[in-house]
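Enquirer: Residue numbering for the sequence shown is -21 to -1, 1 to 788, as defined by mature numbering (1 follows the signal peptide of the UniProt record, and there is no 0).
Calculated from the structure, these hints are not laboratory results.
There's no promise every hint is true.
What the hints assert, rightly or not - Here are the simulated distance ranges between beta carbons:
1) Asn115 x Gly479: 23 to 29 Å
2) Asn263 x Ser59: 40 to 46 Å
3) Lys439 x Gly674: 41 to 47 Å
To be verified - Calculated pairs, SDA-like style, for lysine to any residue (alpha carbon to alpha carbon, straight line, at most 25 Å):
4) Lys335 x Ile656
5) Lys217 x Thr192
6) Lys584 x Thr536
7) Lys753 x Ala709
8) Lys439 x Asn712
9) Lys391 x Gly272
10) Lys294 x Arg249
11) Lys431 x Asn712
12) Lys260 x Glu308
13) Lys547 x Gly272
14) Lys281 x Trp426
15) Lys260 x Gly272
16) Lys687 x Thr764
17) Lys207 x Thr174
18) Lys124 x Trp426
Don't be surprised by glycine CBs; every beta carbon is placed ideally from N, CA and C.
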Amino acid sequence: MIHKRLAYLILMLMVSALGTAFRHSDEDFIKTITSRLRKFRAVYPQEKAYLHLDKPYYSVGDTLWFKGYLVEGATHQADSTSALLYVDLIEQRTGKNVALRRVQLDGGNGHGDIALAAPLTPGAYTIRAYTHWMRNFSEDYFFQKSIYIFNQEIAQTPSADAGLDVQFFPEGGQLLTGITGRIAFKAVNSEGAGTSISGFVADQRKDTIISFTSSALGFGNFQFTPEKDVKYTAYVRKENGELQSFNLPPASEQGYSLMVDNVSNSRVMRVLIFQNFQDGKERNVHVVGHTRGVVTFVANGKVSSRNLRMNLEKKDLPEGITHLTLFDEQHRPVSERLVFIDHNNRLRVEVTPNKKVFKTREKTELSVMVTDSSGNPVEAGLSVAVTDAGQIAAQPYDQDISSYLLLTSDLKGTIEKPGSYFDPANSERKTALDQLMMTQGWRRFIWQDVMKDSLPAPQKFIEQGITLSGTVKRGNRTLTEKVMYSLYLQNDSIKTMLSGETADNGYFAIHNMVFTDSLSARLQGMNKRGNQNLTFIADIFQPPAFTVLKVPYYPVTVETEQLQAYLKRAEEYQEIIKTIRANREKLLNEVTVRAKREAERDSRKLYSNADASIKMTPQLASSAFSILDVLAGRVAGVQVMGSGMNATVSIRGSRGEPQFILDGMPVEKDMLTSININDVESIDVLKGPSAAIYGSRRGNGVIAVYTKRGDSNYDYSNEVVPGVLVTKIAGYNTPRDFYMPRYDIVRQEDARPDYRSTVFWAPMVRTGKDGKAKLIYYNSDAVATMNIRTEVLSADGRSGVSRQTYSVQ
């Protein structure tokens, strides 16, 4: 867990021959750097989103099930600030957004589904997750995962051409002449996937300096001492035997660099600082360490013409990626290095089936136990997917919640097989992880921005619900005054009236609405002079632009036999569903309804009959400026004094103004007087006892106004009324229930074959304080191994993953 305060580390340091001691940083710099970073985090707090998918690949006609996790970027604690997570699916070939889901979050947790139905085409897709707040920053901050959607014909993997790209990265950012430096490299093929290489470095005289080889994923590093005015070239041997050349970055004749050893010692990390200025002067430098934007240490010392060395105890650093930044005497960042600290503090997740071997369609119980690294029970949220291994190939090294939060979310580009860096059985993982830090390093901020005295305000806000926003104009002109508006919202379960005022430029926004599916909205306004000749323009949600990333053609590893079995079962299941739907439609067509339909009662009215009622006609509307003008002289006992927004009204026998009702909702008189008279359908007046149903102000009577647009049977789709906007607002998507048959009960619909690829999906499970949870479901008809994948996140930001199996015979 990230330290809550700056850790003043006691550094055991080996120094240059001059004996200069490395010491704690001066207090001013400590205060400056920590306060600026704290301010930066306060203005630009970071969020991370993660999706757990039920399986790694899909077929056209399948359903993609997902669990969404949202956490605070530094601590990984569940983020309860944003309550709306956007999840979209993008076709990589065209960049087209083919699906969008608005997921309601509760304490940073939510779930949903995407039906992958035709006309969706097979191919590579990217699923993304982000909040409105995250759109203040680069799309690199979004969760992005490549998936492949197949159809019944298995696509052939195109053979990659001989294209090869190798990038070289000097450790710390630059090479120095006369100083031994390390260069890391990464090789990728034409599809963007890592590929193994071998080669050598030669100088401009064609003398070989050093040879190198890479890992299977194309990573490697080598060391050499560059000379002044000498150019160096790397030569890589291609599969056809030809050599391909790459120029190495030139070495600087003066500057600083960092070299870090984070591999050889499990307890201590060694940092070496170099400079090659020709004047031979010692220079005061600072080293700042931070993890996800939180400072973990600041120290300073003097570096001579040789080097300055320091040892850091790893136990004092938080788990995850730590940025080491070297600042010169002018407090300018001059060198940077990323290191990964692995304390193996991830949660332990044990999922135990109640039997080792099950029968088809047999009831299955899974006992879940979540503990910390010391064996203590942990209360946490988790999601569980059980898939048929005969159809869905397990991806042991693919991305999971731990590798994403601790590693890939803080690096740039595609990270292949991120799980391999956390596999204790991988003896090369520490070296590979260190090479990854040197080649795909990335920062979420630029130091120059952090050190500014003032920071620009973010443009996007934090959404805690659905937002309706837009602009009011007069013709094509921007307003220079505020406008009063009223908003009526309605769907099957909601009817509500709101009012508000725009900004001086006509901008309006209604925030934090909570509803599912959609709402009908009617927005109407007028300025202080009663002018309704206005145009309301609602903002239309536009998903962020998508940058197509180079990824391997197949983002998963799957045997042809498994894939064929999956696609065959998927096709059979879809045919069964088509038959069921056809039979239902046939049954419905055979049913004849002979009952006479009763006249529909207006649901807006709490009463049966009014004491007086006025049906609005075009003639009445043309002779009045407001609703109260219509009442004047037309209803016995109703007295109207004045006109327009200044009018007062009373009903004979009362001692004050009546209760005003608009489409069934109590409102203030100003709301009624602002309504366009042409939009009114009828006006009812209730006196004395008739008004009792409306409560405390019944003694003064009730004036109830009903608009055409408030009537659910009124067709206003083609009507244009000045000063009125009628639109639909998209709300949270209601997640569907995952189909789980109960085979202990005989039901006709369960007689069909059951070869679902995802046998069980439970996205919103929680363990108790004892760390335990129990899950119950029934197996399918498949005789196969079942893969159980469980992903866990505790409220304090600790994550864990479990991959286990059981057999069905």
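Enquirer: Each hint should be assessed against the structure and marked as holding or not.
Expert: Against the structure, the hints:
no. : hint                        : verdict
1   : Asn115 x Gly479: 23 to 29 Å : 25 Å, holds
2   : Asn263 x Ser59: 40 to 46 Å  : 44 Å, holds
3   : Lys439 x Gly674: 41 to 47 Å : 42 Å, holds
4   : Lys335 x Ile656             : 74 Å, violated
5   : Lys217 x Thr192             : 13 Å, holds
6   : Lys584 x Thr536             : 62 Å, violated
7   : Lys753 x Ala709             : 36 Å, violated
8   : Lys439 x Asn712             : 22 Å, holds
9   : Lys391 x Gly272             : 16 Å, holds
10  : Lys294 x Arg249             : 14 Å, holds
11  : Lys431 x Asn712             : 41 Å, violated
12  : Lys260 x Glu308             : 12 Å, holds
13  : Lys547 x Gly272             : 49 Å, violated
14  : Lys281 x Trp426             : 22 Å, holds
15  : Lys260 x Gly272             : 33 Å, violated
16  : Lys687 x Thr764             : 61 Å, violated
17  : Lys207 x Thr174             : 32 Å, violated
18  : Lys124 x Trp426             : 29 Å, violated
Checked against the numbered hints given earlier, this structure breaks hints 4, 6, 7, 11, 13, 15, 16, 17, 18; the rest are met.
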